[in-house]
Amino acid sequence: MNQSTTEIEETPYVDATQHREANHLGMWMFLATEILFFGGLFSCYSIYRWTYPAAFAQASNRLDFWIGTINTGVLLTSSLFMALADLAHHAKAVRLTRIHLSLTALLGAVFLGLKFYEYYQKYVEHLIPGPHFAFPDAPPQAQLFFFLYFAMTGLHAAHMIIGLCALGWLVRRTTKPAWTARHSDAVSIVGLYWHFVDCVWIFLYPLLYLAGR
Amino acid sequence: MQVAEPTRKILFSAYAALLILLAVSAGAANEHFSHLEKLLIALLIAAAKCAIVFWIFMQLKYQRGLVRIFALVGFFWLAIMAGLIFADYLTRGAG
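So the protein lines, in turn, are chains A and B. Just so you know, we're using my numbering here: the first sequence kicks off at 1 and counts up by one. Just so you know, we're using my numbering here: the second sequence kicks off at 214 and counts up by one.
Bound-form chain B, shown alone (with noise of 0.2 Å):
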């Protein structure tokens, strides 16, 4: 059967990627920014590692729209949620 699938070089590529990604993610975590930049620095940071993951070792890159779809409604319906706890919690001060 043949399929679509990565080539070792895009492997590696990819692997070199979130290590990279790692190192800087630790190194920024030690640096002198404030809480909130460094919040936001690690959570773009493992954002990016886990877009790499989906889109080359889990093999979204080769498949059709309907699998990425499925591989996405997963995060939709988290951000409902998460969107809707949120909606109160951050207003809460405000009544």
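Bound-form chain A, shown alone (with noise of 0.2 Å):
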């Protein structure tokens, strides 16, 4: 009897199934709590924009319009990447697996490297909260659009990068000679964490760079 046959006596579940079933709604439920995470923030920024709403429209229209729509497609490209990937995984298609998941993990990385220019660039143009801001000719509450702008967008980098070590993992896994029996779900449970992140940037998109246009 080989070892991976062994775990799966072990495991509780009657059939792969409901393993698999149970595996997801685990990984729903952990991102119930990442909803009402990012919900905060959220809520928090609904509040003052109703509150000043001329402060936010002109503080929004200082970030980059092209930046935040090209780095939305960058996302959504590498979610399609993540969803062909478990598709392939499958399939059983192991090296097509390894590729479609380095590509979503590149993709990660360029929408990153797209995000802090931006940050760099606000630093430049003094646009980070704190005594350095400088904004002139804008109400007072336009600082409070860039906190809200950095804690929304930097928590979701924080997300990005905890994703990119997801995919780090699973592409190194996929190189082990125990991968498929092992990892049935890995790759369906990074990816609906790849995904969420990903919807939450479809919400910051046109929340943050749309408020002022």
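It is worth saying that the hints were derived from the structure and are not from the lab. Please read all numbers here as calculations on a predicted model, not as lab measurements. Glycine residues also receive a C-beta, built at the ideal position from the N, C-alpha and C atoms. Heads up, some of the hints might be wrong.
To be verified - Now the in silico label distances, taken between C-beta atoms and shown as ranges: (1) F288(B) with K92(A): 30 to 40 Å; (2) R305(B) with G40(A): 39 to 49 Å; (3) R221(B) with N61(A): 13 to 23 Å; (4) W169(A) with H248(B): 39 to 49 Å; (5) R305(B) with A158(A): 31 to 41 Å.
Claimed, not checked - Selected chain A positions facing chain B (Cβ under 10 Å, derived; list incomplete): (6) G26; (7) W28; (8) A32; (9) L36; (10) W50; (11) I162; (12) C165; (13) F203; (14) G212.
As the list claims (entries may be wrong) - Here chain A is said to cover these stretches of chain B; the calculated rule only asks that three of the stretch's residues, wherever they fall, bring their Cβ under 8 Å from a Cβ of chain A: (15) 261-271; (16) 284-296.
Fit the two chains together into the complex; they arrive one by one in their own frames, and the hints show the way.
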């Protein structure tokens, strides 16, 4: 009896389908807490945009529309490759799985690269909240917008970095012989996380980049 | 293990729909609508994109009811929180 057969017998599940459903259920439960985690920031944003619409519109126009739009496209494309990786994994095409996972990670890195370039731009333009914040002719609440901008995109970027680590782990695992037997759901579960982080950006994009147009 | 999952065609269709919605969202923001109209358009499009990602990429289409409920409760709780917050802020001028 090889090791993988023993492991399946030791699990409390009736069959692999039930095991898979339990995995997805657990991940969705975690993602529900993530919705509330980000939801707090989205609520905060909504209150202050409602209270100071002019300041938010003016501050939003200082963001780079094209970088925001391109980055949205980059993330959507990375999600496509993530979904294709899952498909390839279920078809037991290990090499194709690895290629698709690598492309997902590459696009995630492109997104972060553009994001950090934007942060650098904001640093140069004195738009980072704090004692050196300078935005002439704007209401003082413009600084509030930039605080929320950095808090929300920063938390999102932190999630992207965790996602990249998970992708790196998966790519490394695809090179090991025991891969398909032991990690049947790993690609799907990391995929759920990756797609969720994509969804957060789907809402951040219009709220931050399009608010003043 | 046989699992129900999307075909390549479904994935690429979802991706195409997402890119079209992104283009509409970016285009509408630069048209002559009022701020409120733009906000509504932007949020509706974002919700549609999110629904496509949840349904196809995150495979809710292929899951049983229990998993779908778990996927939606987060939004339900968020709606309660946001509802209570705005019940406060939107009525502050009334008193």
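Now the hints, each set against the structure:
no., hint, verdict
1, F288(B) with K92(A): 30 to 40 Å, "35 Å, holds"
2, R305(B) with G40(A): 39 to 49 Å, "20 Å, violated"
3, R221(B) with N61(A): 13 to 23 Å, "40 Å, violated"
4, W169(A) with H248(B): 39 to 49 Å, "44 Å, holds"
5, R305(B) with A158(A): 31 to 41 Å, "34 Å, holds"
6, G26, "9 Å, holds"
7, W28, "4 Å, holds"
8, A32, "3 Å, holds"
9, L36, "6 Å, holds"
10, W50, "7 Å, holds"
11, I162, "17 Å, violated"
12, C165, "20 Å, violated"
13, F203, "5 Å, holds"
14, G212, "9 Å, holds"
15, 261-271, "holds (count 7)"
16, 284-296, "holds (count 8)"
In the structure shown, a violation is registered for the earlier hints numbered 2, 3, 11, 12, in ascending order.
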